[in-house]
Amino acid sequence: MASIEQIRKDFPVLDQQVNGSPLIYFDNAATTQKPKLVLDALNKYYSEDNANIHRGIHALAERATAAFELTRKKIQLFLHAASSDQIIFTSGTTASINLVAQTFGRANFEAGDKILVSNLEHHSNIVPWQMIALEKGAEVLVIPVLDSGVLDLDAYQKLLQENTVKLVAVNHVSNAIGTINPIQEMIALAHAHGAKILIDGAQSVAHMEMDVQRFDMDFFAFSAHKLFGPTGVGVLYGKRDLLESMPPYQGGGEMIKEVSFTGTTYNELPYKFEAGTPNIADVIAFSASFDYLNSLEKGWVEEQENALLSYATEQLSQIEGLKIIGTAPNKIAVISFLIEGTHPQDIGVLLDKFGIAIRTGHHCAQPLMQRFDIPGTCRASFSFYNTKEEIDRFVACLKRVVTMLL
Amino acid sequence: MALSINDTQEELIEEFGLFDDWADKYEYLIDLGKKLPGLSDEFKTEENVIKGCQSRVWLHAFMQDGKLIFQADSEAVIVKGLISMLIRVLSGHSPADIMKADLYFIDRIGMSQHLAQTRSNGLLSMVKQMKNYALAYSSQA
Ligand SMILES: Cc1ncc(COP(=O)(O)O)c(C=O)c1O
Numbered sequence: 001m002a003s004i005e006q007i008r009k010d011f012p013v014l015d016q017q018v019n020g021s022p023l024i025y026f027d028n029a030a031t032t033q034k035p036k037l038v039l040d041a042l043n044k045y046y047s048e049d050n051a052n053i054h055r056g057i058h059a060l061a062e063r064a065t066a067a068f069e070l071t072r073k074k075i076q077l078f079l080h081a082a083s084s085d086q087i088i089f090t091s092g093t094t095a096s097i098n099l100v101a102q103t104f105g106r107a108n109f110e111a112g113d114k115i116l117v118s119n120l121e122h123h124s125n126i127v128p129w130q131m132i133a134l135e136k137g138a139e140v141l142v143i144p145v146l147d148s149g150v151l152d153l154d155a156y157q158k159l160l161q162e163n164t165v166k167l168v169a170v171n172h173v174s175n176a177i178g179t180i181n182p183i184q185e186m187i188a189l190a191h192a193h194g195a196k197i198l199i200d201g202a203q204s205v206a207h208m209e210m211d212v213q214r215f216d217m218d219f220f221a222f223s224a225h226k227l228f229g230p231t232g233v234g235v236l237y238g239k240r241d242l243l244e245s246m247p248p249y250q251g252g253g254e255m256i257k258e259v260s261f262t263g264t265t266y267n268e269l270p271y272k273f274e275a276g277t278p279n280i281a282d283v284i285a286f287s288a289s290f291d292y293l294n295s296l297e298k299g300w301v302e303e304q305e306n307a308l309l310s311y312a313t314e315q316l317s318q319i320e321g322l323k324i325i326g327t328a329p330n331k332i333a334v335i336s337f338l339i340e341g342t343h344p345q346d347i348g349v350l351l352d353k354f355g356i357a358i359r360t361g362h363h364c365a366q367p368l369m370q371r372f373d374i375p376g377t378c379r380a381s382f383s384f385y386n387t388k389e390e391i392d393r394f395v396a397c398l399k400r401v402v403t404m405l406l
Numbered sequence: 001m002a003l004s005i006n007d008t009q010e011e012l013i014e015e016f017g018l019f020d021d022w023a024d025k026y027e028y029l030i031d032l033g034k035k036l037p038g039l040s041d042e043f044k045t046e047e048n049v050i051k052g053c054q055s056r057v058w059l060h061a062f063m064q065d066g067k068l069i070f071q072a073d074s075e076a077v078i079v080k081g082l083i084s085m086l087i088r089v090l091s092g093h094s095p096a097d098i099m100k101a102d103l104y105f106i107d108r109i110g111m112s113q114h115l116a117q118t119r120s121n122g123l124l125s126m127v128k129q130m131k132n133y134a135l136a137y138s139s140q141a
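Sequence order for the protein chains is A and B. First residue of the first sequence: 1, per my numbering; consecutive thereafter. First residue of the second sequence: 1, per my numbering; consecutive thereafter.
Same shape as in the complex, but just chain B (with noise of 0.2 angstroms):
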C-alpha cells in the first residue's frame, strides 16, 4: 500500500528535521534536484512550461490505473529540488486526494519563502498547476 499524501508529508518533515542548519537543507534539496529525472525533450515543450519562473519549468501530467502522475524539470536545481519533493507528495494519487491536499510540509521544512509570490521561481505556479490537473483529470477518474 502505498503512502498517503500526508503520510509523504510527514516523511519529508522529519527528514528535514535532521538539519540544523540552513546550508545543510539547500544542499539536501540541491541533491533532490540532481537527482529528479528530469524530463526527455520532447516533453519540454511550450505548453508544459510553467509561466511565471524566473528559471524555465515544464510540468508533464498523465493518467495511469487512474492515478495521475506528474513528471517535471527545471533548469535552476533548487526548483527541481523543490519539484522533485511535490512530486514525491502528490504524484501517483487519484485527482481528487491532490486537488484537496493541503501542502503543509513546505511550511513545516522551512521552505515556505519559495512559495511567496515575490519569489517568483514557479513553486506556487507549479503547484496551482498541478492542481488544475487534478482538476482537469478529475472528470475522468
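Next up, chain A with everything else stripped away, as it sits in the complex (with noise of 0.2 angstroms):
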C-alpha cells in the first residue's frame, strides 16, 4: 500500500501555494480532485484517438467507442448492475434526476399523485420534481429531518401510508451535513407501499461501495466530478422494465433507428436516452478514475475518511462557541459548522487566505438552511488525500480567523 505522502503526488493539483501557504483542499464535497491517471487518460484521448464514436467505421472512431463503451462498463461493475445498458450517461447528477422528472415522471405521474423529497435534498433533487408536479398536478412532499440531522423515518412512514406516493427522491448522503440516510429500509418502505424510488448518489459513490441490485433500487444518479473524474460526465442506473417503459427524453442523433417523416422508431437502452454526441473525452478519461480506486487497497478509503473525521470532529469541538450542524451517527468525512458571533462567509473569506478552500453558504440546500433557521454553514469535506497535519492547521488557522473576527 503507498504512503499517503505518494498518494498525494497523484494529484497534482495538491502541490501548491495559494496566497503564500501551502493548498489545504476541504471542499471535496463540491467537487473531488483528480489524479494523473485521470489526466492523462484526457490528454492520450485527444492526442491519440480523438474520433466521433458509434457511427465511424475507420480505427479512430473503434478505438474511441471501445474506450468509451468500457467506461460503461466498469460503471456497470462499480455499481454492481446487472447489465451496462442500464448505465445511462448524462451530463451529471442533475441531468440524471431531471432525466427521470421528464420521462417516467411525464409518463406515469397524474393529478393528486404524491412525490416525496427529503428535507436534506440538493436543491437539484426538489427543483426538477416541482416543476413536473407543477405540470401533472401532483404535489411535492417532505420528509422531515430530525434535530440530529438524521431523516424522521416515523413520519416517512405516515407519508407512505395511503400509497398514493408515486416516487421518493433522497439522497443517499447529504452533501449540506454529511448524514448518511438508512436507504435499504427507505427502498424496502418505498417498495411496499408501491412507490419507485430514486437515490440520489452524488455524495455517496466516492465514499462508499454502492450496489444498486443488492439495494433493489430503481434509480440512482451520480456525478464523475465527486469521484475523481471529469466535469459534464453523469450517470443515470435504472431497471431494466423502468428504463424501457419510459419514454425518449431528447430527439436527436444516436437515439434513433430509423427517421422517416411518417414516423420515427427509437434506439434501445442505453442509447435511446443519449441523444447527440456525448461527452466523449470526459466519459473516456473517466475510466482511469475506477483503475484508480482500484488500486487503492481494500477498505482503506473509508478507513481514512473516518479517522480524519473523527479527528477533525474532536479537534473543532474543542473551538469555544463552535456548533456542528448535523451529529447523525452516521455520517461521511463532512463537517458543517457556525461559530457564535461570526458569519460563514467572513470565516471562508479569510482561511482563503491561509490557503485552505472550505465552502461557505447553503450548500444548495436551502429548505435545509431553512429547517435550522440558519444563514449557511461552514463545510469542511474531506477525502482519503487529506491528512491530520492539514486538519491540524486548518483548526489553527480558523483560531487565527476567530480572534480576528471577534
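For the record, the hints were derived by calculation from the structure and aren't laboratory data. Not one of these hints is a red herring.
Partial list, computed: chain B residues near chain A (C-beta under 8 angstroms):
#, residue
1, E27
2, I30
3, S55
4, E75
5, V77
6, I78
Under 7 angstroms between C-beta atoms, here's a sample of chain B residues computed to sit facing chain A:
#, residue
7, W22
8, Q54
9, A76
The model shown is predicted, which means the values in this text are computed figures rather than measured ones. For every residue, glycine included, the Cβ atom is placed at its ideal position computed from N, Cα and C.
Both chains come to you apart, so use the hints to assemble them.
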C-alpha cells in the first residue's frame, strides 16, 4: 500500500501554494480532485484517439467507441448493475434527475399523486420534481429531518401509508451536513407501499461501496466529478423494465433507430436516452477513476476518511462557540459548523487567505438551512488524500480567524 | 469643502499602503465593518436587499440637498467593511459624479478579488446598485 505522501503525489493540483501557504483542499463535497491517471487519459484521448463514436468505421472511431463503452462497463461493475445497457450517460447528477422527472414523471404522474423528497435534499433533487409536479397537478411532500440531521423515518412511513406516493427521491448522503441515510430501509418501505425510488448518489459514490441490485434501487444518479473524474459526465442507472417503459427524453442523433417523416422509431437502451454526440473525452477519462480507485487497498478509503472525520470533529469541538450542524451517528467525512458571533462568509474569506479551501453558504440546500433557521454554514469536507496535519493547520488557522473576527 | 470621490480614493489607498501583510489589512477592514453604523430594522426590507450575495446585504439611498446619501448593512463583517469604504467614497456626492466614478481604489488596495463574480459577496452588485440609484436620482437632482 502506498504511503499518504505518495497518494498525494497522484493528485497534481494538491501540490501548490495559495496566498503564500500550501493549499489545503477541504471542499471535496463540491468536487474531488483528479488523479494524474485521469488527466493523462484525457490528454491521451485527444492526442491519439479523438473521433466521433458509434458511427464511424475507421480505426480512430473504433478505438474511441471501445474506450467509451469500456467506461460504461466499469460503471456497471462499480454499481454492481445487472447489465451495462442500464448505465446511461448524462452530464451530471442534475441531468440524470431531470431525465427521470421528464420521462418517468411525465409518463406516470397524475393529478393528486404524491412525490416525496426529504428536507435534506440538494436543490437538484427538489426543483425537477416541483417542475413536473406543477405540470401534472401532483404534489411534492417532504420527509422531515430531526435535530440531529437524521431523517424522521416514522414520518416517512406515515407519508407512505395511503399508497398515493408514486416516487420517493432522496439522497444517499446529504451534501450539506454529511448524514448517511438508511436507504436500504427506505427503499424497502417505498416498495412496500407501491412507490418507486430514486437515490441521489452524488455524495456517496466517493465514500462507500455501491450495490444497486442488493439495495433494489429503481434509479441511482451520480456525477463523475465527485468521484475523481472529469466534470460534465453523469450517470443514471435504472431498472431495465423502468427504463424500457420510459419515453425518450431529448430527440436527436444516436437515440433513433429509423427516422422518416411518417414516423420515427427509437434506439434501444442505453442509446435511447443519449441523444447527440456525448461528452466522449470525459467519459473515456472517467474510466481511469476506477482504475485508480481499484489500485487502492480495499477498505482503506473508508478507514482513512473515518479517521479524518473523528479527528476533525474532536479538534473542532474544542473551539469555543463552535457548533456542528448535523450530528448523525452515520456520517461521511463532512463537517458543517457555525461559530457564535461570526458569519460563515467571513470565515471562508479569511481561511482562503491561509490557503484553506472550505465551502460557505447554503450548499444548494436552502430548505435545510430554513429547517435549522441558519443563514448557511461553513463546511469542511474531506477526502482520503487529506491528512491529520492539514486538519491541525486548519484548526489553528480557524482559531486565528475567529480572534480576528471577534 | 468636502473631498472629491478621487480624493477619498487616494486617502484610502494611502491608509492601506501602511499595511504590509494581508492580516493587518483584513483586521482594518473588519474594524471598518464593525464601526459602520448599519441600518435600523425599518430599512432592512426585502426591497433594499442586494441580490446575489452569500450574506444578506441591505442598501438604503436617499437625496439630501442635491447629494445622494447611502446607508448600508450586512450580516458579514468583511462585506460590511467593504461597504463602509464604498460609502465613504461615494455617499454625499451628486448622482452625476457617482455615475461616472471609476472605483480604482478597490484594485489599488488589493481587494479586487472581492469584485470577482465568484466571490458572490455582493461588492459587485453593491457597486451596480449604487450606480443604479445614482441613475434613478439623476433626473431629480
Ligand atoms: C447531494 C447532491 N445532489 C446533487 C448534486 C448535483 O450534482 P451536479 O451539480 O454534479 O449535477 C450535488 C452536487 O453538489 C449533490 O451534492
